[in-house]
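Visitor: Residue numbers (the numbering used here), protein chains in the order written: chain A, 1 to 498; chain B, 499 to 1135; chain C, 1136 to 1240; chain D, 1241 to 1408.
It should be emphasised that the hints constitute simulated quantities derived from the structure, not laboratory data.
Hints are supplied without guarantee of correctness; some may be wrong.
Said to hold, decoys possible - Derived BS3-like pairs (lysine-lysine); straight-line CA-CA distance at most 25 angstroms: (1) A/Lys300 <-> B/Lys1068; (2) B/Lys618 <-> A/Lys455; (3) C/Lys1234 <-> B/Lys705; (4) B/Lys667 <-> A/Lys446; (5) B/Lys615 <-> B/Lys524; (6) B/Lys973 <-> B/Lys618; (7) B/Lys960 <-> B/Lys1034; (8) B/Lys892 <-> B/Lys973; (9) C/Lys1234 <-> D/Lys1326; (10) A/Lys300 <-> B/Lys618; (11) D/Lys1405 <-> C/Lys1234; (12) B/Lys960 <-> B/Lys667.
Claimed, not checked - With the Cβ distance kept under 10 angstroms, some of the chain D side facing chain C (calculated, not the full set): (13) Tyr1249; (14) Leu1251; (15) Tyr1285; (16) Tyr1286; (17) Val1307; (18) Leu1332; (19) Phe1353; (20) Met1367; (21) Gln1373; (22) Thr1377; (23) Asn1380; (24) Phe1386; (25) Leu1393.
No experiment lies behind these values; they were computed from the predicted model shown.
Quick reminder that beta carbons are idealized off the backbone N, C-alpha and C, glycines included.
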Amino acid sequence: MNILNLLIIIPVLTVIGIVFTKDFKGARVAAAVGMTLQLITAVILVISFFAQRKAGITGEFLFLSDFTWFKTLNIHYSVGVDGIAVWMLLLASIVVFAGIFASWQVEYLAREFFISLILLATGVFGFFISLDLFTMFLFYELAVIPMYLLIGIWGSGPKEYSAMKLTLMLMGGSALLVVGLLGLYFYSSAAGPVTFNLLELSKISFPLAMQRFFFPFLFVGFGILGALFPLHTWSPDGHSSAPTAVSMLHAGVLMKLGGYGCMRVAMFLLPEAAQEMSWIFLILATISIVYGAFGAIWQKDLKYINAYSSVSHCGLVLFALLMMNRTSMNGAVIQMISHGLMTALFFALIGMIYGRTHTRNIDQMGGLMNVIPFLSVAYVIAGLASLGLPGLSGFVAEMTIFIGSFQHPDTFHRVATIIATTSIVVTAVYILRVVGKLLLGQIREKEYLEFPDAKWYERISVVVLILPIAIIGFYPSYLSSTLLDALNPIIERLTAML
Amino acid sequence: MNYSLTILILLIPFATFLFNGLVGMKFKPIVSGLIGTIGLGVITLLAYLTAWQYFFVDGMVGGSFPKVIAMSMEWLRLTDALRIQIGILLDPISVMMLVVITTVSFMVHIYSLGYMKGEKGFERFFSFLSLFSFSMLGLVIATNIFQMYIFWELVGVSSFLLIGFYYSKDSAVAASKKAFIVTRFADLGFLIGILLLSYFTQTFDFKVLTGTDQSIFAQTAGVSFLGMSVMTWAALLIFMGGAGKSAMFPLHIWLPDAMEGPTPVSALIHAATMVVAGVFLVARMFPVFYFQAPDALTVISYVGGFTSLFAAAIACTQYDIKRVLAFSTLSQIGYMMLALGVSGYGGHEGVGYMASMFHLFNHAMFKALLFLGAGSIIHAVHSNVMQDMGGLRKYLPITHITFLIACLTIAGVPFLSAFFSKDEILVAAYEHNKLLFAVEFLVAGLTAFYMFRLYFNIFWGKETHYHHTPHESPKTMTIPLMILALGSVFAGYIPFSKLVTSDSMPFESHMDFGIAIPSVLIGLTGILIAWILYKKESKIPERISKSLGGFYQAVYHKFYIDEVYMFITKKIIFNCIARPVAWFDRHIVDGTMNGIGWITVTSSRNIKGMQSGNLPQYGMVFVLSAIILVLIFSFLI
Amino acid sequence: MLQGIPITHVLIVSSFMFFTGVCGFIIRRNMITILMSIELILNAVNINLVVFNKYLFPDQLQGHFFALFVVGIAAAEASVAIALIINIYRRLNSISVDKVNEMKY
Amino acid sequence: MALNVLMFYLLSAVIVICSVLTITTTRILRAAFYLLCVLVATAGYYFMVNYQFMAGVQLVLYAGGIVVLIIFSILLTSHISHKFAKPEAMRLVMGILVGLSGFALSTIAILKFTFTPSNAPAMKVDMQAIGTQLLGTGKNGYALPFEVISILLLAAMIGAIIIAKKGK
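So here's chain A without its partners, still in its complex pose (with noise of 0.2 angstroms):
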């Protein structure tokens, strides 16, 4: 049995269990129960590849299996992993589940909750494991759907415009991508008969005029979802009005798909015209950077506030794929990473502020540190990570990139580092004006005084986040260096033609 189809199966198989719980109680444990175990496969799964990869197995993608779902289309579920969807898998499982944690006191129609959330969670996985291109559409339409019933049901604030408006977006991204997964399918007719496989795609060398042409619709379409610039707004209007888990994994996970499917599928499989519109590009995602950036200081809502960061820190992640070099991709891998599980963690924090003081707006808010010092060193912390401290994920990730960006040949590319490199600074300006209004200065109002810091559940899912920030930014080697290892083919065919 191919440990990949558990990753499917697990979620598959709780959504099961979840319809035959009584009440909200049994639903959440059901979750949880089913999440952990996603969580320990998806550790064993990253420790087999890497004793596989150790043992001297090069292939490019390990745990390959392959079986025909649709014949005349020529359409495979078709599974593979590289170094890099191992982690993404990792991070998406324990943003899962801390996500689970997170949205513990969920009790209004809690089991239509949680199955939308995991069934969102299967979404998000399969389109890791996926190599055929048409099932790896599938799972992130599967992944898109959901997210607008938990936003429209279980939301907050202008849930249904916000549930529409990021689905309608999203689906929009969708459409983009269909007529460039459709152009990649009909032209690899070159190679024998038409294919959505990713691996026998990456053999095709195709026709410059056909890369022009689709390789925007490509980069585009999953732009969107990476929060490009100016298609980002679905992002600040949506995670505002989710709930905490979906907040979380939305941005710490979903929004990865975009950036993942920009450097594999769009580069990955256009390389020519990737380096030749990657300027265009290159504008908008440092326009994201800074623009994100400044936009989160003027903001009020706590959501906001992060969504707007994270806008900024997803352009990093574009920015850094188009740079094409090793250094910088790999440093947009870290991001991700980092990012998806900072912003989660975020998200978590946010939630439960939430959860005690019923707003969001920070100028309501003040002295949480004396009520609730866990979760608020916690945001602390996810704000220092954000922030860029060393010792924490993000410094791995921005050095990486700034240093990887810079060695850039052209001087438009190091111009462009050094405009990103200032959104360091408005970084430190918004996260810390957010913490020196949230949790220090005086307690506002009374009642907060009364605030219980946080449950044990809520403890596991701050946790579950905030070990993996620390060990990625005290001991990055490991992961960077295996991801330059998992980088070479793409870095490889991007730059064959140079």
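Model the placement of chains B, C and D on the given structure of chain A, informed by the hints.
Guide: Then chains B, C and D, alone, in the frame of chain A:
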């Protein structure tokens, strides 16, 4: 002989940080305090042993002190050439800094046991102190510029945490925020400098960068930007980082506000150790500056000179004793920067470099002593404004004596430590640039004046009526004062020119009495003026300040630099950038998206009128369309 | 009828009837009148079926049977339609189609 | 002019006039009456083509059944004296336009097409032939549609009863 134990210098404070931070609250507060203090005691011992071994046991190799890599491990591989190492580099300045940091930090730890007693968050305080010690030690023993940057950031954050220690106080929160953001802004320059440097040289390593092989800079030849060579840019940007940490003009604004932190923190971080990180950085990179970017050195010397004059002037007008000391710190760091700026390389040419390090060493001792003394005073009278004090010499005898020693030292009274180092600095300045020499000469007088203004106002002057009779601080506080006082007196007799020099080769330095005597005289003049004005209560100071009018006001308000910054950040950055960006995002970008949605909705709303539910209408449309289709198909095609 | 009567004449009459029915369907608002218009339309179709059968395929009976079935269906349709009309009348006290637009959009 | 030709034009005239009157009269009961005339005239057509059974069905089911049903429903839902409001001008114009243009179009089509009457010997249409074919299962057998129609009628009957049933 190896230095494998030096690794403990990093590990112990980190361990105590984790212990106090994670489980410290489970024990009695004093446990955390003792653990932190003992840990620091151990590494102080280690630092002294290392220094002893480095300077006196292993000694020189081939006529100069070698750069010893005691330990090095790869932390992160960025490219094949650029790898971030975490390691321990021992050379004269890093060993000297080890001694300075551990000494002051140890004293501050002991002092804090008494000063912070009973404060909420005692264990947090000690855990932050450990974090700071860890970061600062990591900074000085960095083997490469990137490791330095890593610890540089950590130092910044521990400073932020410690300034904001009283987090319920809004002013403390604001000050910590300001400190962090200003230094962060400076660090941006540092980072870009590192990027430039590493791009052209393909190395982070200090040993390579400051080594004799200049071929690594071959790439930079002829590359220039806006009329300055790329190395000048890199050097200036790196100096910008240093200027931020060392609070050089115009990035000095955070330091006076940073006095919101607990006084031991001010002593440790904002007087003795962290703020000299910038000086240390320039010293560390000195060969790069000297050979590749001499223009940058000139800039450094002028910035240092200006800051020292500027800060000394402000110090004369302030009433908050900690702020006076803060401005005095600025002024003294300006001295050190200037000394580096005017220094040459090698032998007697490098006297400025040597003097700067020498002054750094002495300054750490006497400024820590001043701050701790101030802490002791504040502890006694629960205020840090000069007007609330007076005649304290009777109540606080030990504090009085040690404070007086520190004041005398900083004023440059002969045979106390600062006399020697200041003299060297003046010599270096005199040889290099007469204008800067004149400035420094003036500043020497101002320094003596404002220090004794402080001294007389606190310990002499009119007897203020106190609510509680002030009493001398406990032993945990006075013992560090006494030890530091000894340091202030005798540190000057360390033969620095034999140990810490620009090219690690010893040279003979000697007193230049032509400069020493006038500088002592101007110092004494300053003291004398302060004596006349402040020994007894008098109206003269008030009249003088009145007669100076607008100028006095400008100085008192620190030349309105803070206001300018507030204007820039609040008005320009917040209102003119962030706000429009937020608006733009919500209304233009998002508006476009919503507009697309609106168009869809509106058009569908208009179309839905056709779906009227009116059967005859449907029938009509159906038949009409059928007729039209028949027409088209049978007659047109 | 066969002698002397061209098929076109019959067809013209039936198509006139058909379009009269369509016209009535469009201009009338009373549901019963609309139902009557539909009967006209069906009847016109029936005439066509029968006439085509008789003129063009006299050896078969397909048109005849189709006409027969159409009558059957018309009867069924009429009965259901009238039931609906009566029900609507009960609820809305009107049988004007303009009033019956609850289900639009 | 042969009598049957005269008869045909007479019936045609009745159909044309009465169908127009059906949709133009303002009194609904009169409309039903005119409809009845149209249907009876149609039955006359069927007699003329020697399809007596068809004609009988037309008279019984259409003229007898449906029109009576319609008259019942008229009596149930309207007053005898009720007059229709004049249709809106726009609708009137559009209706007439559609009707006329459709009629013109189909007339043109009818006139342009050359029908070739079959010379095959006419089939004898007696009750036996109809019955055999209606219930036959082989070629020319209509048993299946017959059964389907019967089910449809049954369903319509039940449906009509349920729909028209008062309340619950």
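Visitor: Hints first: check each against the structure and report whether it holds.
Guide: Okay, the hints, checked on the actual structure:
1. A/Lys300 <-> B/Lys1068: Judged against 25 angstroms, a Cα distance of about 16 angstroms means the pair holds.
2. B/Lys618 <-> A/Lys455: Status holds; Cα separation ~24 angstroms.
3. C/Lys1234 <-> B/Lys705: violated, 93 angstroms
4. B/Lys667 <-> A/Lys446: Measuring from Cα to Cα gives roughly 17 angstroms; hence the hint holds.
5. B/Lys615 <-> B/Lys524: Status holds; Cα separation ~17 angstroms.
6. B/Lys973 <-> B/Lys618: holds, 21 angstroms
7. B/Lys960 <-> B/Lys1034: holds, 7 angstroms
8. B/Lys892 <-> B/Lys973: holds, 18 angstroms
9. C/Lys1234 <-> D/Lys1326: holds, 16 angstroms
10. A/Lys300 <-> B/Lys618: violated, 31 angstroms
11. D/Lys1405 <-> C/Lys1234: holds, 22 angstroms
12. B/Lys960 <-> B/Lys667: violated, 32 angstroms
13. Tyr1249: For tyrosine 1249 of chain D, the interface hint holds, since the closest Cβ of chain C sits about 8 angstroms away, which is under 10 angstroms.
14. Leu1251: holds, 9 angstroms
15. Tyr1285: Constraint on tyrosine 1285 of chain D satisfied, holds at 6 angstroms.
16. Tyr1286: Holds, about 6 angstroms.
17. Val1307: Hint on valine 1307 of chain D: holds, closest Cβ of chain C at ~8 angstroms, below 10 angstroms.
18. Leu1332: Check passed: Cβ of leucine 1332 of chain D comes within 5 angstroms of chain C, closer than 10 angstroms.
19. Phe1353: holds, 8 angstroms
20. Met1367: violated, 12 angstroms
21. Gln1373: With Cβ-Cβ at 6 angstroms, under 10 angstroms, it holds.
22. Thr1377: Threonine 1377 of chain D check fails; min Cβ-Cβ to chain C is 14 angstroms, beyond 10 angstroms.
23. Asn1380: holds, 7 angstroms
24. Phe1386: Since chain C brings a Cβ to about 8 angstroms from phenylalanine 1386 of chain D, closer than 10 angstroms, the hint holds.
25. Leu1393: holds, 5 angstroms
Consistency with the previously given hints fails for numbers 3, 10, 12, 20, 22, ordered from lowest to highest.
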